[in-house]
Amino acid sequence: MARAVTTPRKALNTAIAWTIGLLIFFPILWTVLTSFKTEAEAIANPPVFLFFDWTLENYGVVQERSNYMRFLWNSVIIAGGSTILGIIIAVPAAWSMAFVPSRRTKDILLWMLSTKMLPAVGVLYPIYLLCIELGVLDNRYALVVILMLINLPIIVWMLYTYFREIPGEILEAARMDGASLKDELLYVLTPMAVPGIASTLLLNFILAWNEAFWTLNLTSVDAAPLTAFIASYSSPEGLFFAKLSAASTMAIAPILILGWFSQKQLVRGLTFGAVK
Amino acid sequence: MATQSSRSAARIMMAPAVFLLLVWMLVPLSLTLILSFKRFLPLRGDRIGERGDGFGDFLLDYITGFPTLDWVGFQNFSAFASSGAFTDAVITTLVIVGGVLAVSVIFGILLAMLLDQPMWGQGVVRILVIAPFFVMPTVSALVWKNMFMDPTNGLFAHLWRAFGADPVVWLSDVPMFSLILIISWQWLPFATLILLTAFQSLDSEQLEAAEMDGAGPLARFFFIALPHLSRAITIVILIQTIFLLAVFAEIFVTTGGAFGTRTLTYLIYQRVLESQNIGLGSAGGVYAIILANIVAIFLMRIVGKNLDR
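Protein chains in written order, with my numbering: chain A, 939 to 1214; chain B, 607 to 915.
With a straight-line cut-off of 20 Å between C-alpha atoms, the simulated SDA-like cross-links for lysine to any residue are: (1) B:K911 x A:V1205; (2) B:K911 x A:R1102; (3) A:K1044 x A:F1101; (4) A:K1202 x A:F1101; (5) A:K1044 x B:R613; (6) A:K948 x B:G729; (7) A:K1054 x B:F625; (8) B:K911 x A:D1045; (9) A:K1054 x A:V1213; (10) B:K911 x A:L1051; (11) A:K1202 x B:I839; (12) B:K911 x A:R1041; (13) A:K1202 x A:V1132; (14) B:K911 x A:S1040; (15) A:K1044 x B:R907; (16) B:K911 x A:M1055; (17) A:K1120 x A:W1033; (18) A:K1120 x B:R613; (19) B:K911 x A:L1048; (20) A:K1054 x A:I1026; (21) A:K948 x A:I958; (22) A:K1054 x A:L1140; (23) A:K1054 x B:V892.
The following residues of chain B were derived to be distant from chain A, with all beta-carbon distances above 10 Å: (24) L649; (25) V678; (26) V696; (27) V775.
These aren't lab readings, by the way, just hints derived from the structure by calculation. Just so it is clear, CB atoms sit at the ideal spot from N, CA and C, and this is done for glycine as well.
Extracted from the complex, chain A is given alone in its bound form (with noise of 0.2 Å):
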């Protein structure tokens, strides 16, 4: 509902947003400045904002004292992993739902956002017991098949939107002209629905990245991601707010870039396709 304004309304408008953006976004930055200092200024009072000595030592400290590569590369693994085989097995359901409806599709689709309703908690210890029993507690590809089965209802739907905007006369049409199955999937199914299946991949990786429930409680030393590497820093040991600002740091810029480019689709994705 944009609509044409005055100059000086729109310079306050613009005043205005930037202040709260700001404030909104301020704990972001400060940790990422926090993490250039060293620990006497990281709690200097009055505080410094901009002008101390900047200095990359905290990073080479957290890397050196907790090998931080060893969590980074689980997160990678179980978010990547998780996302990767979700999407293989998402794929074919929602393109069958979309394009063959049945009577049943629309349960079966509620059904699915059902199972992502259960409270984690309310089976925490039945997947513990599972994971004990088959010998994989604190193994990373245990994280794979759990978090995979947690977002696969997100995955599913996220595809089954996309796919359902793809017309269903463009595969009539090829069809006549003569395409087989495999021209069809090869050359017009997949250029029009890679943007989609791309930005659920996104999307569900970003979540997955974040996930701190299971990853929490079934990890400890092999296979922990950077969701326990951080939360082993609730202890305070003396001076370590630039430590700490470092580890967070890294352990979210990554996903900070990959969710700006995701901002539209988080919409979609996490409605369920019911706000576009």
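The hints should help you fit chain B onto chain A, whose structure is shown.
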């Protein structure tokens, strides 16, 4: 275009997803349900079957309903519900869910209205506002806990001292306020983003017509904008409620459930993994599942209606 063969192909294509989700739902749910009727204290020597059994023996125990554990009927359910901790946890949960919802919906509407106005650098402001949603929960909780709320070195403490006031010990003096602040910071962006999307689909001609008919800004907001937003608001409330009922990491790394911040989720977690009273915790889990389902039914209705379009 749906022929008999394409229908059966569709069924085969759907089968893996449906099968996996069915197993994922039924196996843990049935385990929770069985265990909630059992006495199961691993620390006092209660065991499922013999120690060191293979997974096959576990399956056998599961199918036969864990015969080595004593059946106690509804005892766990009544014990869980009648303890003072349960009442406190329910109140804490409601305060957190209600508080965060109020903050994120009210400020979300205001912020969405603001971001919808013409301005310079709109795209950048939107990115700044949305950013907190992408921060992992353990990071945002720890950054707030230490760098802002720490009573000696936090920014708030510096600020309070600058005005000559005594620093507040946020997480123990006003724990609920602090938690609501932290969690709202994470969820306000989500509400704003969805409400902004809804605002942008509002017909500007309708607003202009109302303006010409003499409707003031308040009237335009309450009689045109708000009804248009009602569905988006409902969806924000329902989706956030489901996520907020399950809030865990924020409490885990800040108060650890102390100072009256123990939510239902956290209470069940403590019963199950900390004090290892599995039967009691499972009964709590059943309560949590029922509670979430009540919310879920409403959400599904709205989403379902949208499918019929």
